[in-house]
Structure formats: C-alpha cells, structure tokens
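Given the sequences, and given the hints that come with them, work out the whole structure.
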Amino acid sequence: MGFFLTQTLNGLAFGALLFLLSSGLSLIFGVMKIVNVAHGSYFMVGAYIALSVITRTHNFLLGLVAGAVIIGVIGLAMERIFLRRFPLQDMPQMMLTMGFALVFRDLALLIWGGDPYNLPAPAFLVGSVDLHAVVFPTYRLFVILIAVLVAILLWMFNEKTLVGAKLRAAVDDYEMAGGVGVNVPMVSGLMFALGSLLAAFGGVMGGPIFGVYPGADFEFLPLAFVVTIVGGMGSLKGAAVGSLLVGLVDNFGKALVPELSYFTLFAPMAIVLAIKPTGLFGRG
Amino acid sequence: MKDTIFDAKGKFVGWLLVFIILAVLPTFIASYWVTLITQMFIFGILAMSLDLMMGYSGMPSFGHAGFFGVAAYVIAIFSTRYQIGFWPSLVTAIVLATAISAIFGLLVAHSKGVYFLMITLALGMVLWGLAFRWVTMTKGDNGISGILRPDIGLPISLKDPITFYYVTLVVFVICLALMALFVRSPFGHSMKGIRESESRMRILGYDTWVHRYLTYVVAGFFGGISGAFWAYYNCFVSPADLELGASFELFLMVILGGPGTLVGPALGAGIIVFLKNFISAYTERWLLILGTIYILTILYAPQGLVNLVKDLAKRREKKGEAEEVS
Chain A
1 MGFFLTQTLN GLAFGALLFL LSSGLSLIFG VMKIVNVAHG SYFMVGAYIA LSVITRTHNF
61 LLGLVAGAVI IGVIGLAMER IFLRRFPLQD MPQMMLTMGF ALVFRDLALL IWGGDPYNLP
121 APAFLVGSVD LHAVVFPTYR LFVILIAVLV AILLWMFNEK TLVGAKLRAA VDDYEMAGGV
181 GVNVPMVSGL MFALGSLLAA FGGVMGGPIF GVYPGADFEF LPLAFVVTIV GGMGSLKGAA
241 VGSLLVGLVD NFGKALVPEL SYFTLFAPMA IVLAIKPTGL FGRG
Chain B
1001 MKDTIFDAKG KFVGWLLVFI ILAVLPTFIA SYWVTLITQM FIFGILAMSL DLMMGYSGMP
1061 SFGHAGFFGV AAYVIAIFST RYQIGFWPSL VTAIVLATAI SAIFGLLVAH SKGVYFLMIT
1121 LALGMVLWGL AFRWVTMTKG DNGISGILRP DIGLPISLKD PITFYYVTLV VFVICLALMA
1181 LFVRSPFGHS MKGIRESESR MRILGYDTWV HRYLTYVVAG FFGGISGAFW AYYNCFVSPA
1241 DLELGASFEL FLMVILGGPG TLVGPALGAG IIVFLKNFIS AYTERWLLIL GTIYILTILY
1301 APQGLVNLVK DLAKRREKKG EAEEVS
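Chains as they are written, first to last, in this note's numbering: chain A, 1 to 284; chain B, 1001 to 1326.
Some hints here could point you the wrong way.
Under the rule of at most 27 angstroms between Cα atoms (straight-line distance), these lysine-lysine pairs were calculated in the DSSO-like manner [claimed, not checked]:
| hint | chain 1 | residue 1 | chain 2 | residue 2 |
| --- | --- | --- | --- | --- |
| 1 | B | K1011 | B | K1310 |
| 2 | A | K254 | A | K166 |
| 3 | B | K1011 | B | K1314 |
| 4 | A | K160 | A | K237 |
| 5 | A | K160 | A | K33 |
| 6 | B | K1139 | A | K254 |
| 7 | A | K237 | B | K1112 |
| 8 | A | K166 | A | K33 |
| 9 | A | K237 | A | K276 |
| 10 | B | K1276 | B | K1159 |
| 11 | B | K1139 | A | K276 |
| 12 | A | K276 | A | K33 |
| 13 | B | K1159 | B | K1139 |
| 14 | B | K1112 | A | K33 |
| 15 | B | K1310 | A | K33 |
Calculated Cβ distances over 10 angstroms to all of chain B for the following chain A residues [said to hold, decoys possible]:
| hint | residue |
| --- | --- |
| 16 | S52 |
| 17 | Y117 |
| 18 | G127 |
| 19 | I146 |
| 20 | Y213 |
| 21 | L244 |
| 22 | L265 |
To give an idea of the interface, some chain B residues facing chain A are shown, with a C-beta separation under 8 angstroms as derived from the structure [as the list claims (entries may be wrong)]:
| hint | residue |
| --- | --- |
| 23 | P1060 |
| 24 | I1103 |
| 25 | L1107 |
| 26 | L1123 |
| 27 | F1251 |
| 28 | I1298 |
| 29 | R1315 |
These aren't lab readings, by the way, just hints derived from the structure by calculation. In this text, a Cβ means the ideal position worked out from N, Cα and C, and glycines have one as well.
See the structure below:
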C-alpha cells in the first residue's frame, strides 16, 4: 500500500511537470501548427538560467522568474525573427526549431559545462510531510499544487478572457478568425512566448527533483510529444489528462520494470492511437 | 524542351565517370581520406533510405536512426558476445531492423504530417531507451567496444581499410540502384502521387496505407544495412548512435542535399560527414555549427542543394532559349 501511494504521488508530481512542459507545446501547435522541437531546450535552459541566478542570490523565486521570463523573451524573439518568415508551413518551421534546439544544446554545454547540477528547493519546502501511510517530500506536493494552479489559470485565461476567446478562435480556424478582425500574428506571437515561458517554468520547477544536466532537453522533449499525442494537439484538457497518464505510467514503469521503462510509455500511446488517431481530445 | 545537361546518355556517362573515380580513388589519396569516404558511403545509404520516406512519400521520420542503431547493436552483440561471423550477423541485423520497422510501421502508417513526425520521434526514443537502459545486453551508456572487423569469406577481409572501402562502395552502389529502381517503379510513382494528394489517390483506388507501410519498412531495411556496416566501420556502438541528435543530423543530410532526389541526400551525407570530422579536429562546437547550418539551409536553400543547382541550370537554359529566339 505504501509503495503504491508513494509511486502514485511521484507519478502525479511528474505528470504535473509534464503538464507545465507540454501545455505550451500543445497550444503552440494548436494556433501556429508549429511542432516546436526546441521546447525541451526551453525546459533545460530555463533551469540552467535559474541555477545561475539561485547560486548568486540564494532566492528560488527570483531564479524561477528569471528563467521563465528570459526564455519567454527568447521564444518571442525566435518567433518574430525566424518562424514568422514561414507562416503555416510546418516543415520549414519545425526544422528551424530543430536547428535552434541544437544551438541551445551546445550553448548550454558551453556556458554551464557538462556536469549535472542540483537546483536547491526553497528552504520552507525542504523536508517531508507525513501522510499517515507514507512520508512524502514536501516539494513534490508543492509542484503538484502549482501545476493545478497553473492549469486553473490557463483554463480561466482560455475560457474567460477576451485574449483567450481570440486564441480559441485562432485554434479553430485561423483564416476565419483573421477575417473577423482577430490579429492572428499577434495572438500567435503571444502564444509562442507564453508556451516557451511555461516550458522554462516547468524546467525550473523540475530542477530540485531531476536536477539540470546536459541532454535533459532531448530527454524531456519526447515525453512532451507523447503527452500531446495521447491528449490531442491543441487541447488544454488533453495536455492535462495526457500528462497525468504519461506521468503515472512512466513512473510505475520505471519502478516496476526499470529496464523496459520506455516500452511502458509507448504502450498507452499505441493503444490511444489505435482507437483515436488524433488523441483523446484532439480534433480534426 | 531539350534537356542538355540531364539527358539519359550524358547521365549514364556521368555516373560511370563518378563510379570510376570512386573506384580508383584509394590509390591516390591518404588513408585518412579513404576511411572518411567509407563513412560517407555508410551515411549516404542511411540518408537515401530516409529520403525514400521524406522526399518521395512525404513521411518525415524522426526515428530513423533507430533502425540504424538496432542493426549496429545486433552486430556489436553478436560479434563481441557470441563471436558470430560476418554473414549470419549481417543477415540477423538487417532482418531484425526490418522486422522492427514492420512492427512500428503498423502504428505509424496511418498517421500523417506532424503526427507522423511526433510518433516516429517517440518510437525512435523507445529504441534509444532500450540501448540506454537494457544494460545487461547493451552495456548502457558505455556502449559496446571491441567489435572486430571480420573475414567476409573468399579471400576478402574487412580488416584492411582499402578492402572495407571497396566493399562499402559496392554496397552503396547496389543500395542506390535498388532505391532508384524502387522510386521509379509503378509503386514509387503511386507513392509520389500519395505525397501530392492522398485523397485523390485513394479515390483512384490505391490502398494508401499499404503504400506508406511498405515504404516505411523498405526504408527500415536500408537503414539496417547502413547500421550493420557502421558497427563494423566504427568498431564501437553506443546510444549516441541512435539518439535524437543523430536523427536530426540525418534529417539535415536529406534537407541539405535535396529531398526527393536520392543522390542529393547522399551528397548531403558526404558534406555533413566531412564537416563533422573536419570541424571536430579544430573545435568542440560541432552541434552549434550543425544548428547554424540547419537554420541557414532553411532560410536560404530550403529545397536543398541538388534542387537549387537544377533550378539554376533550368533557369539558365530558359534564358538561353529566349535569347536564341530573339
């Protein structure tokens, strides 16, 4: 029982991080049809930036903000300067992001070196909570809480605000949305920035759990892809459900059959695809 | 319109010339270059096999390095653990790579565009994960070293770099010929039709799923051949051979050379292999340069070098014709 509960909580915490990572990827795809291969790089570089800030200031929050905002700005610049040149051409855009992913990877290696680092968790979250049956690290519970908050905020943004309505219009039909006066390029740029910011936010939040190391970019990217494939691209609900599913399956897979853990990830994806090729909540 | 540069006879003579040059080359150049060109042949086969999917069928696969890796690992494990000879290892490697692509194909053949891209990426990572985590078999991150270059039988031994060069040259030419036949066959033509308009081909009665599936498996087969020779060439395999970065590099070979031309990707492979070895001698920043080449290619030559040259030649010809008329 203890094992089961611990692993479930671990899976939830992992799923929470995956949600932060993949909700942005999914929304970017929804609006702009861009498969952003650099998304894992945002996740990793965001954590690296936070690391530099935290080692200097000893302030986790400051690192979190710095990592997320800087990556958000980089994402915006990438979209404005490069991706904008190929509107709605999925292959050139995807390959541009691939080039950037390689550049980010090497720059990160150049700046932060090849050693793995651990991001210190904020002091008040160090330690564990006694949940009767199990003792669980406080920080991981905190991550779950934050992800739930972000999900609620994103949902409110999407459903209750004007920008959100424009966003949904652009996801559904960008041509019609443009036709009725929505500034689609503007919404797209904003979306790309928000998506990259969320990825970096996830990277920093994951830092105290996984650390930050070279290669993290390409390790998390496929996970985010699996989440969006399972959940359906362009859907927030899909990203949430997909993240939980992948987080739990991956975690139990790693705990029970460590040598074949990638197969345990791949199985639910195959099943979902066989039943519903566009993912659980995908359209089109 | 008379196509002066690319008519059939001139083309044949041109190819023969290239082949002869490649055949006599080892007598004139240093052994460093012989091994480097051997590597170009191996990756040329791999890039062409990806082109079957990317260029001819509109199936951009992100996991293609996976089949390459499977074959390479089979050779490595057979050779170091069981001391199995060349032919049985080679056959098993290629059969296994093809079999895995046949299984994966069932999952990916119905998906298109970005979905295809993402699913193949995830599947490629499954194979990478296996190489990385199945430590008892693959030795994990350390990779498998000490693969011996074998005797093929007859008086041929791959231990000699020049012989290795000739063997890969022959394999390369055979693969190129087979793939050229494949894309020029009726099957290949209907494949191109599916790339252009799947719905139309389906209405015309073509089973588009079978076409996509078979192309995927054929590409896996050639990827396997390439991977098997890579293991013997490098005498070392590691998860880095099939990680995402390797698939990205492969992607660039095809894009840089020109998708849908077969020869282009082989050329692209040559350029990338050369740059990788050349630049690595001076700096460790290979990925940075690779990424930059990527971005520049997409911005300035998105159709690839071969298509760029073809376009230029066509344009010049048109200009010449216009001048003749006036």
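Verification of the hints:
no.	hint	result
1	B:K1011 <-> B:K1310	holds (14 angstroms)
2	A:K254 <-> A:K166	violated (41 angstroms)
3	B:K1011 <-> B:K1314	holds (16 angstroms)
4	A:K160 <-> A:K237	holds (15 angstroms)
5	A:K160 <-> A:K33	holds (24 angstroms)
6	B:K1139 <-> A:K254	holds (18 angstroms)
7	A:K237 <-> B:K1112	holds (23 angstroms)
8	A:K166 <-> A:K33	holds (16 angstroms)
9	A:K237 <-> A:K276	holds (16 angstroms)
10	B:K1276 <-> B:K1159	holds (24 angstroms)
11	B:K1139 <-> A:K276	violated (37 angstroms)
12	A:K276 <-> A:K33	holds (20 angstroms)
13	B:K1159 <-> B:K1139	holds (25 angstroms)
14	B:K1112 <-> A:K33	holds (13 angstroms)
15	B:K1310 <-> A:K33	violated (31 angstroms)
16	S52	holds (20 angstroms)
17	Y117	holds (19 angstroms)
18	G127	holds (31 angstroms)
19	I146	holds (27 angstroms)
20	Y213	holds (13 angstroms)
21	L244	holds (18 angstroms)
22	L265	violated (7 angstroms)
23	P1060	holds (7 angstroms)
24	I1103	violated (10 angstroms)
25	L1107	holds (5 angstroms)
26	L1123	holds (7 angstroms)
27	F1251	holds (7 angstroms)
28	I1298	holds (5 angstroms)
29	R1315	violated (22 angstroms)
Consistency note: the structure conflicts with the earlier hints numbered 2, 11, 15, 22, 24, 29.
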